[in-house]
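A.B. asks: Quick mapping for you: the protein sequence lines, in order, are chains A and B.
In terms of numbering that gives the first Met the number 0, the first sequence opens at residue 0 and continues consecutively.
In terms of numbering that gives the first Met the number 0, the second sequence opens at residue 0 and continues consecutively.
Worth flagging that the hints you see were computed from the coordinates, not collected in a lab.
Glycine included, every Cβ here is placed at the ideal spot set by N, Cα and C.
Wrong hints could be hidden among the right ones.
[Said to hold, decoys possible] A few chain B positions that, by computed beta-carbon distances, are all more than 10 Å from chain A: (1) V73; (2) V274; (3) Q336; (4) V384; (5) E438; (6) G665; (7) V733; (8) V739.
[Said to hold, decoys possible] Incomplete in silico selection of chain B near chain A, CB under 8 Å: (9) V206; (10) P212; (11) P214; (12) L631; (13) R695.
Okay, here's what each chain looks like letter by letter:
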Amino acid sequence: MTPVLERTSAPTAQAASAGRDRYIDTLRALALVRVVTYHLLGWAWLPLLFPSMGVMFALAGGLVAASLSRAGQWTVLRRRVRRLLPPLWALGIVLIPVMLWRGWTYDASSYEGSSLSWSSLVTWVLPVYTPGGSAWGAPFVSPLWYLSAYLWFLVLSPGLLWLWRRWPRRTLALPVVVLLAFGTGLIVSNGSRTDAVSLILATYGSCWLLGFAHQDGSLRRVPGRQALALGVTLIVAGAGWAHAHPDPELGANIDAIPVANAAYCLGYALLLLRFYPSFDWMCRHVVLDTLVATVNARAMTIYLWHNVTVASALLLEQRYAAGRWYAYGHDTLSHCVQYAVVWVLIAAILLALGWVEDVAAQRRARVLPWRGRGPGGTTPPRRQGRLQFKIVRRRGRQPHQDIDLRDGRPPTARPAHPAHRRAGQHSRQRLMPTTTPWHSRRSTRG
Amino acid sequence: MSADCQPPTVPAESPARSDRAAAAVFLDPSGARWHRVRRTVLLLLLPLLLLSLGSLALASTRPSGALPRAALSVAETGRTLPVVGRGPLVRVLQVVPGAAGAKVAIVPGTGMVRLLNPDEQTAAASSPYLLERYGYAGGPRQHPALLLTFDGGPDPKYTQRVLDVLRRHDVSATFFVTGQAAAREPDLVRQISASGHIVGNRTLTYVNFSNAPQPRVRQELLVADRALRALTGRRAGVVRLPYAAGDDAGLGVAVPAILAAQRQGYAVMAYDAAVEDLGDPKQADARALPLPRLSGNDVTVRLHDGGGKGRQRTVDYLDRLIPYAQSRGYVLPPLTQVLPTLTQAVAPVDVTLADRFAALWMMALLGWPHAAVTSLFWFAVFAVVGVSSMTVCLALWRSRKRRRLLSLLVTQATGGQPLSVTVLIAAYNEENVIARTLESLGASRHPLTELLVIDDGSSDDTAARVRAVAARDPRVRLLSQDNSGKSGALNNGLRVATGDLVVTVDADTLVSPDSVGNLVRHFALDTTGRLAAVAGVVRVGNRDLNLLTRWQSLEYLTQISVERAAHDALGAITIVPGACAAWRRGAVMSVGGYSEDTLAEDCDLSLSLHRAGWRVTQDDEALAFTEAPATLDDLLKQRVRWTFGTLQAVTKHRNMLLKPRHGWLGMLVLPWYAASLIVPLLTIPFVGVMGVVAVRTQGWGIVGVYFAAFTLAHLMVAATGVRLARESWRHLLVVPVYRVVYEPLRAYLLYVSAYSALRGVKVGWNKLARAGTVRAPLTAPAELPPVLPVPAQPPTPAALPTGVASPHRVIDLRDPVEVRP
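Let the sequences and hints guide you as you build the complete structure.
C.D. replies: Take a look at the structure:
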């Protein structure tokens, strides 16, 4: 049962750096900052500058694939759902009573809010669809589509991964075909919630699979020129589609045009994950590094609450600042004030509710996420360097094998202590996509 | 052995490996056939594809006589607008400043200017666009008009009745038909038009224009227009929008849909009075429906001639409404008399080629599939429910008959001649399981002459494990050969075997102590000497591993076991499983032994025996427990081999099809097998698409009903299987998920097998790695003690073929040793 470890390739091995993949963390932090900025200012060129959602799904796809090749599917599902739900519940505990207090109205024809029904409330417990909100709460609830999409991707991932290993191209074609069926009008959405989720899954499905490709190393085997050509082609195709088929209301904003969005995001994420720069320099900038680490440790809270803070910032500015020192409007000064207020409010919410994420991940709850961390602003690293190892197992599958490569010893040499294992879980899950493409399925090779 | 058994004709030595490959069914190493197939398909498909695309493009071109198109989008107007004016027709107007501070409206696309009255001026002050209702000539008249409009049809039953009522009262109406309904009832649409009524456009497939992208909206309107032209000879330029209410509030929010139609140059028709005639006809009769308020103004009434649960209510209501309206001084004229603006929109036209193409496309996409699905549905009902019932009945009948037979067996067999039995195991890399298998066989209550293991060039420790058992059990012999496949190994074993009867057991299979005896007893009863093989019953020995093994366990009990029992009742067993079966050695030799033509060598051999006139039966108490693949990958490998092998075997023996000489096998079992391969092969993609369409248009209800029906049918088979096998009822817990696994698996296997067959590629043996997880209850639930109390007869040296007998009971065929005597 001894896994044979053979070092295959280590294109950017930096064994000395701390145990967190700063590139991935930076991408995720950038994505979050872009989302907050876009929802405040609404500039259509922001999604072109950095297509956040596609990048986030690609990163998440890689993480989940890595977990699945390490642990059994039920374990992975349980762990990840456990991390996903409590922050959502925290938002619901605050938001649902406020929506009820404001009077739960909705307008089905203009898609503002949904009816106050059990099915709406159940989606707050388990977001199989985007959780329902009133017309007043619609802007706060609208970003929650990400959670239901993530949940569905999680549930589908074991099957998708199996398909991906067997028929990568056909599997990649699956979301594209569904998306094109929607985009060309072969399928017309009947406005149902199932259709809404399907469209989202089809839009970001290829990004999720790109995460698989990144994780199993097949993306890195694509020659650089080909990857560059493919990525640029996809980006141009996405922008071209948006130009040719603008949304009747929002114009050529890729965010509103699924086909354009999918192509653009896929191309962008392809380039980001294929050309994988070293971010070790970040170790030397402690403030920046801690900031990025903090945003990552509180990513869920920031995402869930950002629209609440945006709305509050606008309200606060309108009431107290605008008209007093400057005219309220869309000028630069106004934007700057709003933007600053948004981040102050986010910081406040992180202090108040960020610990929920620690609880969800079964860590010790902390008010300040950078406290109690190692010098790099992380928990003590479990794995150093970005080494790629090929695990060749003789027979059978070991679902819960922990591999600790700090001293290069095979895992069986070190008896894995359960507590030790749990403690390391957090950092491992966050760094997963970059580090170890595992080829552990004997059956597909044999 | 009985005297009329043909002498064993030992086949020529197994051909060299290259020859063997050449003989395999479907094999096409040069790829010439595949090339030919591809060329033919391409030659046929390419023109068809070009023709389709060309005709579709032609069918979606803008027809003549359309209204001017409005170049407006929701981005400019917004999703909701104030509604002004009266009338059944609806359009979006643009407000522009006019003379003297007053505002005027222009009709987008036409440049027509319309003055606004004071109320409309007020509405226009707040919105740069207005939604206008228009159409009627202003003011009350002496003979106001009531326009009858019908949605939801045509319906084969009720539209006819509505037409009858209209004819009786000599009035006119407008019928808005969807393309999909028209495609199912094209003659009815023609009849509506021929009766002097107007046929309006209700889009091709009833999509919500608010959600549909522009190209789809265009197709929905244009193709439906053209197809209806081809059917009626008139334009269908007036549209009733799907999913749009007729009242002001409903229209106010339907702006995207109204604009979508306006942009394509179609007039949108709403209504003033909606009769709520849909709903349960049993709840209320037509008398309870209120009549519209008729105050002397023109009015447009909406009714349904199709949809819902029967439209007799509408027909009855119509019989009340028309006399009532006439008594109030109303006339019910054709649409164009009241709304002269629509004269162009429904004018007669010459039917063009593009119109005919559109009608053809409408029929091909929306009419014919409906008919095909109906017939496929009945085929599926027959295939699942009918055949299942028949199988169950046959299995039960056989079970009753067999009980009588067994009592006969006991009384007769006790005096029978002893038959010597050789157990034959072909082993390839079976080090994990071979010893257990041998031990389970060694414990057999029936005396065995020898236990012969053929090691097919294993690269692991199989031989050593066998030798270890042989050291304890003198009956065990080992035969080593170069790797040459299972058939080759078994043929060598057959040649070397000393017994009259050969029991084949797979290396991963455990048998109960009574199994061998139970298999062999049938030969004692066989007075004709035509019995060639007795199949055992294979069960899954590692059931409790996961869902996949549980699923397979149920499958072995039902699909395989009950089906084989039914086939046995017809004397038509197609597969005697190599995993546990007894064979008359002479009979097997007489048909040439195991063939290497196919991957399913047991199926091939069974069919060969049938063809040569031998008889095959099954013993229900001869149990064997096999190790079922526990991962999806392994299962797929195994099943590809099975399906492809069976396909090869049936193709090889295809001239047995429909030959009365071969009895039920030729007339029923094999033809049915061929049909159950070919029909799904051709229809699975179509059924899949139609299933998705059904779920999207009608919800999960109808699919749920089919699923429940098929699950019930399968529950019946499964319950029979469990009952006959005297197994635990908890097997039935898997029934609800059975089809969920089975249908995709079957689809995959069919296509992979058909593709491999066409390609002519070599499908590998794909042997599974054994884990040795079988946990078998090794006590058979046999009611009867094993018969044939034959004293153990150790093989005499004379009984062994000379030249290969060795004192160590180990034969090595790896060198080219001549094994024939």
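A.B. asks: Could you let me know if the closest chain A CB is still more than 10 Å away from the CB of V274(B)?
C.D. replies: holds, 23 Å
A.B. asks: The hint names P214(B) as touching chain A; please verify it with the least Cβ-Cβ distance against 8 Å.
C.D. replies: holds, 5 Å
A.B. asks: Closest CB-CB distance from E438(B) to chain A, is it above 10 Å?
C.D. replies: holds, 23 Å
A.B. asks: Closer than 8 Å between Cβ atoms is the bar; does V206(B) clear it against chain A? Give me holds or violated.
C.D. replies: holds, 4 Å
A.B. asks: With chain A as the partner, please determine if L631(B) meets the hint condition of a C-beta pair closer than 8 Å.
C.D. replies: Given a least distance of 7 Å, the restraint on L631(B) holds.
A.B. asks: Per the stated criterion, does the least C-beta distance between V733(B) and chain A lie above 10 Å, as a non-interface residue requires?
C.D. replies: holds, 19 Å
A.B. asks: If you take the shortest Cβ to Cβ gap from R695(B) to chain A, is it below 8 Å?
C.D. replies: holds, 7 Å
A.B. asks: Does the nearest C-beta of chain A fall within a distance shorter than 8 Å of the C-beta of P212(B)?
C.D. replies: holds, 4 Å
A.B. asks: Is V384(B) truly not at the interface, in the sense that its beta carbon sits beyond 10 Å from all beta carbons of chain A?
C.D. replies: Non-interface label on V384(B) holds, nearest chain A Cβ at 30 Å vs cutoff 10 Å.
A.B. asks: Can we confirm that no CB of chain A comes within 10 Å of the CB of V739(B)?
C.D. replies: Non-interface label on V739(B) holds, nearest chain A Cβ at 13 Å vs cutoff 10 Å.
A.B. asks: Taking the closest pair, is the beta carbon of V73(B) still more than 10 Å from chain A?
C.D. replies: Nearest chain A Cβ is 5 Å from V73(B), so the label is violated.
A.B. asks: Find the nearest Cβ of chain A to the Cβ of Q336(B) and say whether that gap is larger than 10 Å.
C.D. replies: Since the minimum Cβ distance to chain A is about 35 Å, Q336(B) lies beyond 10 Å and the statement holds.
In this structure, the one hint that does not hold is number 1.
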